[in-house]
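Number of protein chains: 2
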Amino acid sequence: MERLPGFRDFYPEPLPHKDVWSADARQHIFGKWREAARRYGFREYDGPPLEPLELFTTKSGDEIVGQLYNFVDKGDRAVALRAEMTPTLARMVAAHERNYKKPIKWFAIPQLFRYERQQKGRLREHFQFNADIIGETDPAADAELISLLIDSLRALELTAEDFVVRLSSRNAWQDYFSTRCHDHAKAYEFYQAIDKLERTPPEESQKKLAELGFSLDEVNQFINSGQPTAELKAILDNLAARGLGDFVKVDYHVIRGLAYYTGPVFEAFDRKSELRAIAGGGRYDNLVKLISGGKVNLPALGFGMGDVVLLELLQARNLLPPFDATTDVFVLIEDESLRPQSLKLIHDLRAAGFAVDYALTPAKPDKQFKRAQELKANYTAKLDNDAYVRIRNLKTREEVVAGVNGAANYLR
Amino acid sequence: MERLPGFRDFYPEPLPHKDVWSADARQHIFGKWREAARRYGFREYDGPPLEPLELFTTKSGDEIVGQLYNFVDKGDRAVALRAEMTPTLARMVAAHERNYKKPIKWFAIPQLFRYERQQKGRLREHFQFNADIIGETDPAADAELISLLIDSLRALELTAEDFVVRLSSRNAWQDYFSTRCHDHAKAYEFYQAIDKLERTPPEESQKKLAELGFSLDEVNQFINSGQPTAELKAILDNLAARGLGDFVKVDYHVIRGLAYYTGPVFEAFDRKSELRAIAGGGRYDNLVKLISGGKVNLPALGFGMGDVVLLELLQARNLLPPFDATTDVFVLIEDESLRPQSLKLIHDLRAAGFAVDYALTPAKPDKQFKRAQELKANYTAKLDNDAYVRIRNLKTREEVVAGVNGAANYLR
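Keeping their order, the protein sequence lines are chains A and W. 1 is the number of the first residue of the first sequence in this note's numbering; add one for each residue after it. 1 is the number of the first residue of the second sequence in this note's numbering; add one for each residue after it.
Just chain A, same shape as in the assembly (with noise of 0.2 angstroms):
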């Protein structure tokens, strides 16, 4: 029986196939972003991984449900599995803001899911590291919130050479659009096609620009310009005072397709431009109020970074440490009659905090020894008898004998 294609198994390392995951890596991944969070003051959230179907349409319209997983439950609600974590994080806040003082600074590691058609390498799950500050207008939320993704890709030993962060503002370009087009229904089309400008034949992006009554020699005029607004400079001035000038470029190639965005947005890519997106957010000032149904207004900026994108970069930048078990101490049982003892110092050297293993049945010693070079342990551990323990350091071949009862006390 095989698993459903676009999802992921994860296997401890080392890999037993190229067709499968790192459970280590993950949590590897996981732990570095929990840490860089922990350290700008962000607490932890979560919700379901099933949402009612109209939380997405709400936000997203009814296109969006042909990318989701959707379903009638048994009590006849229409469900999906969530293809992002916004509108629950909105539907959260919307529901208890009044208990948090603002801003409020949070995070999330959720699983997210999208029916997308197959194609090689194409995944429909990926988790995302979420980091959001809600009820703060001022362009010093988009620093502290763009600081923090640039420090959780620093804690993964990434640098300014690795990654950029390009900033772009949703404001400048509906001042753009508005400024040469009153026909305010085009102007979501218009924000496609500039998304797409980088990804699309110039021919093909003139004929759009046209049809929507703009000339693409003006807006690659605009994007080259590069000149920030004040609430861009702002967010640079910022940055740069942290030490972090280097990790942020203006780029007006950015504009985020996703129809909610209200300010400054922005995009992380690798320098050499060989990936997808790292990580990409902005603010969306009016989606809290949306989703509550117009009860809760607060501004809101966030940014979701997935974990495949980030994995391709850490592979191609040779940025994982090896994961391999961790043990301590390997237990050598060559005299079964003291098994009940070996158990009893087992025990105790993991009450004490350590990671111990050993031959769960009677086996020749040679291979037991081999047990415990494979697991790479540090030291093995031999009772002599039921007063005394062998202790063997594996890497620098030192052996002490110590108390049974002062194992633990030698070994840390």
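Just so you know, the hints here were simulated from the structure itself, not pulled from any lab data. A portion of the hints provided could be inaccurate.
Any copy will do: because identical chains look the same in the list, a pair fits if it lies in one copy or spans two.
For lysine-lysine, the following DSBU-like pairs were computed, each having C-alpha atoms within a straight-line distance of at most 35 angstroms [as the list claims (entries may be wrong)]: (1) K102 - K32; (2) K272 - K196; (3) K101 - K32; (4) K272 - K32; (5) K289 - K395; (6) K249 - K102; (7) K59 - K207; (8) K370 - K289; (9) K367 - K395.
Since the structure of chain A is provided, determine the placement of chain W on it from the hints.
Using the frame of chain A, we list chain W on its own:
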């Protein structure tokens, strides 16, 4: 818009409402589970939350479908949200077992989903600590697994006063059944009756057992004898050698409802028997073969421990620590001309590993200080000028002035 019934929202503490759950307590429990597994040499794995429906029906028969979140996806595949982890584990192990030395000791913390009829407080999802040992028939493996179960509860400060593992044997019941009844087709129904004994009025059990050709009195006599089989005795002796004798007792009431158990079975309960089972598991030596369509035959055993009952127990025993925001340093910005330098200080302290917060926008000094207190910050730090920083310990009220580059060292 409301979340679906039976699903949970997890908020940062302090909790805004009695109807939501603590993301902090969840992470606390997950951390202790992972830490116990590490000490025992168990490696982490994970699989997809969505699996082919067939994976579950192969293991549990078609009757399971009524309890599943199942649907047909956009590619016409019959799929289901995972209701248990063991089928996925069996699939994953069967696919790549040759790459792993036996016994395989693995764990996972999946979220599981069941569409159960809506009852007060009854959830439709929970998280479950799953630990399994694959490739070892000896009861030493059962003892190792039960020892991990016990120590993962002890890691949460629970003691032998709080919980007990009731150990039983599907083999013993099989023997009991087959010496009295030769109609094997009735075996499962008999096990189900035993499983329900404690939750069913005696008259009803008596009637049911009589129908199957058994006597309730005789069944109770067998249960009350409590004689461990040789297999169970080996497990008890092994656990006693570790010093865990007080945490386990033979109790033939336990039989585990599920069809696929083949040997020792066990359940962990709170000593006062006020709650549902905290954990349950046992041997399932035929399941890997079944799931792999006969290709791989490996003995196996495992347990699952849910987060919901465990959380109830920890709350009842007052064993959950407070989970406040952990702010190491709150940086006060009283002179706005020093904001850029303050941002640098904030960034340096975060880079040194400290959790740092500050007012994103200009605020009155007393308001900033109040926020530092609300966040229970250990220190405040305030630039006197661009060279010196005034660091105040909010507990001792001690204050020092340090060079701006020495602040991190002072705080360490």
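So, going through the hints one by one against the coordinates:
Taking CA atoms no more than 35 angstroms apart as the test, K102 paired with K32 passes in both settings, with 26 angstroms inside one copy and 31 angstroms between copies. Taking identical chains as interchangeable, the C-alpha atoms of K272 and K196 lie at most 35 angstroms apart only when both belong to the same chain, with a minimum of 19 angstroms there against 63 angstroms between chains. Taking CA atoms no more than 35 angstroms apart as the test, K101 paired with K32 passes in both settings, with 26 angstroms inside one copy and 30 angstroms between copies. In this assembly of identical chains, the alpha carbons of K272 and K32 lie at most 35 angstroms apart only when taken from the same copy (23 angstroms versus 41 angstroms across copies).
In the homo-oligomer, the alpha carbons of K289 and K395 never lie at most 35 angstroms apart, since the shortest distance is 61 angstroms inside one protomer and 40 angstroms across protomers. With identical chains, the CA atoms of K249 and K102 are at most 35 angstroms apart within one copy only, with a shortest distance of 29 angstroms there and 52 angstroms across copies. Taking the shortest Cα distances, K59 and K207 sit within 35 angstroms of each other inside one copy (30 angstroms), while across copies they are farther apart (57 angstroms). Within a single copy, K370 and K289 get their C-alpha atoms only as close as 63 angstroms, which misses the 35 angstroms cut-off; across copies the closest is 29 angstroms, which meets it.
Taking the closest pair of Cα atoms, K367 and K395 come within 35 angstroms of each other only inside a single copy of the chain (19 angstroms); across copies the shortest separation is 56 angstroms, beyond that limit.
Hint compliance for this structure: hint 5 alone is broken.
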